[in-house]
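All chains, full assembly: derive it from the sequences and hints.
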Amino acid sequence: NLLTLNCLQLKTGKKEWSIPLGSVVAGNSSNGMPVMPVPILRKTGDSLLILTNNGALFEIGIPTRTINWAFRYPYKVDQTSNNYYYAAIDEEVQLHSEGQMLSDGNLVYFKEAGMDEVYALDLAAKKMLWKRPIKTSAQLVGIDQKNVYLLSRELEAIDRKTHDLNWAVKLPVAAGGMSALLDPEQLWVFTSRGIFEISKTNGDILGIYRGHDLTSLGGSIDFKQGLVLCVSNQAVTAYPVTGSTPGSKEQKSKP
Numbered sequence: 320n321l322l323t324l325n326c327l328q329l330k331t332g333k334k335e336w337s338i339p340l341g342s343v344v345a346g347n348s349s350n351g352m353p354v355m356p357v358p359i360l361r362k363t364g365d366s367l368l369i370l371t372n373n374g375a376l377f378e379i380g381i382p383t384r385t386i387n388w389a390f391r392y393p394y395k396v397d398q399t400s401n402n403y404y405y406a407a408i409d410e411e412v413q414l415h416s417e418g419q420m421l422s423d424g425n426l427v428y429f430k431e432a433g434m435d436e437v438y439a440l441d442l443a444a445k446k447m448l449w450k451r452p453i454k455t456s457a458q459l460v461g462i463d464q465k466n467v468y469l470l471s472r473e474l475e476a477i478d479r480k481t482h483d484l485n486w487a488v489k490l491p492v493a494a495g496g497m498s499a500l501l502d503p504e505q506l507w508v509f510t511s512r513g514i515f516e517i518s519k520t521n522g523d524i525l526g527i528y529r530g531h532d533l534t535s536l537g538g539s540i541d542f543k544q545g546l547v548l549c550v551s552n553q554a555v556t557a558y559p560v561t562g563s564t565p566g567s568k569e570q571k572s573k574p
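Numbered by this note's numbering, the letters in the sequence shown go through residues 320 to 574 in order.
Be aware that a few hints might be false.
Within a straight-line C-alpha distance of at most 16 Å, the following computed EDC-like cross-link-like pairs (lysine to aspartate or glutamate) qualify [claimed, not checked]:
(1) K450 to D478
(2) K445 to D423
(3) K454 to D441
(4) K465 to D435
(5) K454 to E436
(6) K480 to D423
(7) K362 to D423
(8) K480 to D441
(9) K543 to D478
(10) K465 to D478
(11) K454 to E473
(12) K465 to D483
(13) K454 to D409
(14) K519 to D463
(15) K395 to E436
(16) K450 to E411
(17) K445 to E378
(18) K519 to E473
(19) K450 to E436
(20) K454 to D423
(21) K489 to E436
(22) K446 to E378
(23) K450 to D502
(24) K465 to D423
(25) K519 to D502
(26) K362 to E378
(27) K454 to D435
(28) K489 to D365
(29) K489 to D502
(30) K465 to D502
(31) K395 to D435
(32) K480 to D463
(33) K454 to E410
These are computed hints drawn from the structure, not numbers from a lab.
So, in structure tokens, the structure goes:
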């Protein structure tokens, strides 16, 4: 299986150019079905970053149509052919954990789907700054000036400079769409028990907003046009922002 980057003309769909990126290896699910990696693309300036979710990250120079850098790392692929129809479901499958990469200037942070390490790269120097072991089920959900944030059934804050764990807090995360909404002082995560407001300083739970989607498994959270948007397995709900928090004071409870 070959991985190729194709550039298409937007109006006509005609291919303008392509770059071969090498081979990919398909894995197998617990019931023996093949699982192909799904790459993630991010444009930053004149470069295109491609996280293959198969053991490599590419930086493509768009004007030159060349590979500026290819960073490769060990990646385990499950190719067992056994059909485990009654196998226990792994946490990363339950939470639909996805590969993700986030950038800040020349720095890129990423974690692949199914991988148990998070990486920090310097694109300008073309080198790895650090890597750190992490849960396979964890997914990158945000960065700020101090921390990289990863979410599974707990939210972890990893220091961007020292790559130490600054804090971690367990949360009732039960489904996919893992994300976090960040502001300078706190962040919010949409869980099966409501929207949790968490201190970015120490991970303390500052409050819980039950909202109107009371029976869902939780899901993704975002902020658009003055509204906090929550997408669960059964509803899309929008909350007005009061001060610095979603919803009204009557919806907030202390943990």
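Hint by hint, which ones does the structure fall short of? 3, 4, 9, 16, 20, 21, 23, 28, 29
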